[in-house]
Amino acid sequence: MKVGILVNPHKPGSLPTLEALKTVLESRGCSIVLDEETARHAGKSGGIPASEFANHVDIAAVLGGDGTMLHALARLGKFEKPVAGINIGTLGFLTSCKDDELDVFAAAVADGRFSTSTRTLLKAIIHRPGQPEESFIALNEITLARGDTGRLVALRARVNGELLNDYRADGLIVATPTGSTAYSLSAGGPLIAPDAGVFVITPICPHSLSQRSLVLSDDSIVELSSKEPQSGPMIFTVDGRDSIHIGHGDRIEVQKASFSFHLLLLEGRSFYDALRKKLHWQGM
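The sequence shown begins at 0 in numbering that gives the first Met the number 0 and counts up by one.
Keep in mind the hints are simulated off the structure, nothing from the lab. Incorrect hints may have been included.
[As the list claims (entries may be wrong)] Calculated lysine-lysine pairs in the DSS-like style (CA-CA distance at most 30 Å, straight line):
hint, residue 1, residue 2
1, K80, K255
2, K97, K277
3, K97, K1
4, K276, K21
5, K97, K10
6, K80, K277
7, K255, K122
8, K10, K43
9, K21, K43
10, K97, K276
11, K80, K276
12, K10, K277
13, K277, K21
14, K277, K122
15, K43, K1
16, K21, K10
17, K43, K80
18, K43, K77
19, K97, K80
20, K10, K276
21, K10, K77
22, K255, K277
23, K226, K255
24, K77, K255
25, K80, K10
26, K80, K1
27, K122, K77
28, K10, K122
Everything numeric in this text was worked out from a predicted model, so none of it was measured.
Start from the sequences and build out the full structure, keeping to the hints where you can.
Written out as structure tokens, the structure is:
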């Protein structure tokens with residue numbers, strides 16, 4: 000088994016965890032490939048771009064947290080092989096194990112004792128008059144929100160070409176089931192099981208309390224745009240990154256991506272287990 004490793008260089012303890020992971024994997028007969036940023040951080044040679052992992056490794060292991068996993072997704076590109084999240088710190092929703100479970104992880108990888116959870120990805124395309132399209136991939140959500148002013152913005156949302164609503168709010172979130180536990184949840188959106196074939200549209204601090212989250216089929220095409228020129232520029236983000244100004248006349252088209260993300264799960268681990276632990280659910 001060949002394992003590609005990506006590390007968050009800003010995470011305390013990342014280098015010791017990297018060395019410990021390499022040691023336990025190699026002791027189980029696995030070979031290691033580092034992405035070039037990780038190799039540079041560790042002072043090693045021989046790293047390759049993460050975008051080339053698909054051609055060189057069987058599994059990608061991401062050391063950090065949920066934010067590191069989202070950043071790694073952008074670096075990996077179209078990678079349809081298992082991706083393991085090894086959390087340095089507390090349990091995350093995109094975590095396969097914690098940094099004190101490296102032996103368990105290495106044994107499971109070497110013996111093939113794991114499963115994968117297939118996660119829907121969003122593809123967002125920015126259309127600007129007279130300019131080339133810009134395309135982005137998101138695991139959690141895309142967001143269109145107010146920009147430099149403190150005022151509410153006027154947003155228009157269409158689903159499959161039909162008007163859904165004109166929102167006056169701080170912004171709108173279009174989230175995958177994976178993203179339902181992230182920004183959308185903080186904005187009042189519902190929790191959604193990761194294998195559900197849906198998206199959720201969640202307004203951020205809407206002016207009207209009647210404007211609630213909407214769950215829709217993931218074969219839908221959602222289109223977002225500014226409704227009023229005087230609203231001013233808005234900020235488009237993908238999984239909390241790629242902040243891009245969106246002006247009046249621009250529009251964003253959001254749909255299901257043509258490929259998926261495959262989260263590695265160890266035996267006995269599940270989304271529901273993570274929910275109970277992260278949200279501190281307990282029986283009466």
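TODO: Check each numbered hint from earlier against the structure, then list the numbers of those it violates in ascending order.
DONE: none
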